[in-house]
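> Sequence lines, in order, name chains A and B.
When you read off a place in the first sequence, starting at 1, and then add 1219, the result is the number in my numbering.
When you read off a place in the second sequence, starting at 1, and then add 22, the result is the number in my numbering.
Careful: at least some of the hints might be erroneous.
Unchecked claim - Below, computed lysine to aspartate or glutamate pairings styled on DMTMM-like, alpha-carbon distance capped at 20 Å: (1) A/Lys1434 / B/Glu92; (2) A/Lys1434 / B/Glu47; (3) A/Lys1434 / A/Glu1793; (4) B/Lys156 / B/Glu92; (5) A/Lys1434 / B/Asp218.
Claimed, not checked - Now the stretches of chain B that chain A is said to cover, found in silico as 3 or more residues with beta-carbon under 8 Å: (6) 92-98; (7) 104-111; (8) 162-170.
If you're looking for bench data, these hints aren't it; they were derived computationally from the structure.
The C-beta atom is built at its ideal place from N, Cα and C for all residues, glycine as well.
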Amino acid sequence: MLGRLSWDASPFYGVIPAIAASVVILAAIATIVLLTVTRRWRWLWSEWLTSLDHKKIGIMYVVLAEIMLARAFIEAALMRTQQALGAGAGDVGPVGAEHFAQLFSTHGTIMIFFVLMPFMTGLINFAMPLQIGARDMTFPWMNSIALMLTIGGAGLVMASLVIGKFSTGGWTGYPNFTGAAVNPGVGPDYWIWALTLGGAGSTLSGINIVATIWKERTTGLDHLMWMPLFCWTSLCTALLMIFAFPALTVATVMLWLDRTFGFHFFTQADGGNMMQYVNLFWMWGHPEVYILILPAFGVYSEVIGTFSSKKLFGYTSLVWATMAIAVLSFTVWLHHFFTMGASANVNAVFGIATMVIAVPTGVKVYDWLLTMRHGRLRFDVPMLYAVGFIVTFVVGGVTGVLMAIPPFDYVVHNSTFLVAHFHNMVIPGSLFGMMAGATFWFPKAFGFRLDETWGRRGFWFWISGFYLAFMPLYVLGLFGMSRRMATYLHPEWQPWLIAAWAGAGLVGCGLICQAIMLYVSIRDRERLRDITGDAWDGRTLEWLAPSPPPEWNFGVRPVVTGRDEFGERKLNDEAYPVPDRTAYRDIEIPANAATAPLIGIFAFLFAFAAIWWMWWLVWISAGAIVLLVLWRSMRFSLHRQIPAETLYQADMAHRRTILAHADGDIGSGAPMRHARGTEGYLARERREREDRA
Amino acid sequence: MTDTTTDAQGVRPHAGIPLEHPDAETAHATERAVFGFWIFLMSDLVVFALLLATYAVLLRGNTGAPGPAEVIELAYAFPETLLLLTSTLTLTFASVALREDRARGVYGWTFLSLALGAGFLALEGAEIAGLIGKGHIPQVNGFLSGYWLAIGTHGLHVAIGVVWGLILIAQFWIYGFCPAIRSRLVRFSLYWHMLDVVWIAIFTVIYLPGSLVS
Chain A
1220 MLGRLSWDAS PFYGVIPAIA ASVVILAAIA TIVLLTVTRR WRWLWSEWLT
1270 SLDHKKIGIM YVVLAEIMLA RAFIEAALMR TQQALGAGAG DVGPVGAEHF
1320 AQLFSTHGTI MIFFVLMPFM TGLINFAMPL QIGARDMTFP WMNSIALMLT
1370 IGGAGLVMAS LVIGKFSTGG WTGYPNFTGA AVNPGVGPDY WIWALTLGGA
1420 GSTLSGINIV ATIWKERTTG LDHLMWMPLF CWTSLCTALL MIFAFPALTV
1470 ATVMLWLDRT FGFHFFTQAD GGNMMQYVNL FWMWGHPEVY ILILPAFGVY
1520 SEVIGTFSSK KLFGYTSLVW ATMAIAVLSF TVWLHHFFTM GASANVNAVF
1570 GIATMVIAVP TGVKVYDWLL TMRHGRLRFD VPMLYAVGFI VTFVVGGVTG
1620 VLMAIPPFDY VVHNSTFLVA HFHNMVIPGS LFGMMAGATF WFPKAFGFRL
1670 DETWGRRGFW FWISGFYLAF MPLYVLGLFG MSRRMATYLH PEWQPWLIAA
1720 WAGAGLVGCG LICQAIMLYV SIRDRERLRD ITGDAWDGRT LEWLAPSPPP
1770 EWNFGVRPVV TGRDEFGERK LNDEAYPVPD RTAYRDIEIP ANAATAPLIG
1820 IFAFLFAFAA IWWMWWLVWI SAGAIVLLVL WRSMRFSLHR QIPAETLYQA
1870 DMAHRRTILA HADGDIGSGA PMRHARGTEG YLARERRERE DRA
Chain B
23 MTDTTTDAQG VRPHAGIPLE HPDAETAHAT ERAVFGFWIF LMSDLVVFAL
73 LLATYAVLLR GNTGAPGPAE VIELAYAFPE TLLLLTSTLT LTFASVALRE
123 DRARGVYGWT FLSLALGAGF LALEGAEIAG LIGKGHIPQV NGFLSGYWLA
173 IGTHGLHVAI GVVWGLILIA QFWIYGFCPA IRSRLVRFSL YWHMLDVVWI
223 AIFTVIYLPG SLVS
């Protein structure tokens, strides 16, 4: 009945796992109590979980990412603590070797699949349809399913804290570490199914994003080169998701068959081939690096343009660089295993291909720098992250080019130099980009800006913490310290690891500052109110809509006549025209769907049952999913009508609000800066243009 | 959406869509659904490409047990191919019938295609039963694991297709030839044709060399 689930699966095999499990259970109970006491269940269900609104789905993705980030950080802090105290033989330090292996496996898995992936999918979901003047994604229901599958995957990782153990095979899950012979427990199965659900969600998201960008652009955007750069990076990311994720699915399904049914894909002695796993994994894994980084590049492009008060320098080259990176990302996977015995010529080809990717990336860096040159720079929090990114990312890029040289890679392979390198790419590259994007679009999502002071404190702790935590690892890697060691017999390493520990402490302070920032911002939301919908003197269409935008986004879908459409409208005093009643039409928006969260629940049960070999539940869950899809296929009125008059009145109300609060002239970009007492840069830009004329 | 008239300006129906569009709204909805489905199929094709690549890598991994020459039989693959390729032709007739609004044609040709698909599955089932009888199960070695997963994934796709097709026929029966279900038949036929393309790849990579080379 319960498969291999028994009391042995309880988390009381150690103090730390027991505490972790208790925290998860208590948090779950606290959430349930809070929702019940405040009578919010109905609100949660009908306003959020069943909503097909792309903005709400985007916000839910980001909330998921933030929750998982908190857990992944705690794991990172535990690992840093263990290594800082782990000098010596035997059981030194607070965490045992087995538990340490779980920590680095979950930390990597969570950061990649359940922090960065949902974070960037969330930002794309929220901002991209607004930027192209669409009302929603092309497939709103599928969008919700993708979210629910991702939540289901994250739920599995959380469940593994309470029931059973997670994998000890690293986030890459190489056999034999994850083969049935070496690792017979449920850990690798948790890993496999968490990835499978997350991966299925990502594939669906990818299809949806491409279809949306291709089919939902507003009038005028048939000039693709007028799209905001974030849309271009979203498009390339989504294409990578569509073509790369099948490789991960194939690899993990084969591993699951090996483990569960005794197949021999990766068991070397029986005619399998472990290297095939490694190849498949990195055929997904390397494009995945760019799946994570390209949306961040898009955010940085928007942020640097906006806060430099300029059009992006080299827009066309940025677009081509993005596409070049997307294509080249499929040609370099072998550099993840130069040391595994391919011939020198093969290694050389992949090494050169890897270095070639640095070229379009370099183009981007120069474009961003030249955008800032002669710009009127404003160092708000998103811009701080962008500048911090440029400086730090270049360091990571240079160490990457070093490791692209096979002989050098042989020296530092599998050392903490590698750990430092990829953290140097994904923290300042991807995670800072996500934070910049979240800060940038927060006022759009909720109608008020995030508190500047605490945001700045958060940034400075994050970036200083990053340097202190990872620069020592470069040094240690060159000393020869392998990655993933719980203890070590080289006392001379310890000072460096203590420094890295302190760095993790600073990052923790950064996270705390961000939590305080959120609290202060909600408390002071009236002070931080974004009245016009244009919180940062934005240049793209999302700033045209009110903050938060109505569920239909735009009363009348805007017509685009050039790049940076909204910025140009402000310069020409056309940003807030009197709405024309005749332009409004009745519209339909997708009605809520309970089927999507139900499918998510059954997908979770399916995976959980497959992990624990409860085959009856596997079949029931699969059947339930099929029936839910069938049910949905027999509903034909899936939309809600919104009359033109409602749209018109909403737009009129928005305009009246702007007029009532404007302390400068409408359309000049002035009103939105009143909170900080500075003149709108567009007002200055316009005056200068007039002076010249 | 009701206000898609502006978006639909200049949107021509997809060349591959065998539908006469009554209005711009339906055209636009079908266009989007079919476009999304094409992307899904591309993603699915990558799965098959990787399964075949893995099969090729594991081809020599028979660890002394019978290899491709002994295991793979063209005796099944040949009639399987005939059935599947014919079903593609008959499903095309169903699409033509849909365009011309001939209900009996749609039912008849779709049903025949599904019957041919079911025949394919029956033959494949017999082939697999034979493999099991001779002990050529996937747990024996890497080569058999790769072989089973490649043809099994394809077979599973065909089985899903048969069930999907039956559901579609039922929905046509219940709801009539409304635009939403017409669009589903378009996507179903794309899926079905893709399985043919995949089968040709499987035949070329697995069956032909497997039966010729030892």
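> Hint by hint, work out which the structure violates, then give me just those numbers in ascending order.
Numbers 1, 3, 5, 6, 7 - these are the hints that the structure violates, sorted from lowest upward.
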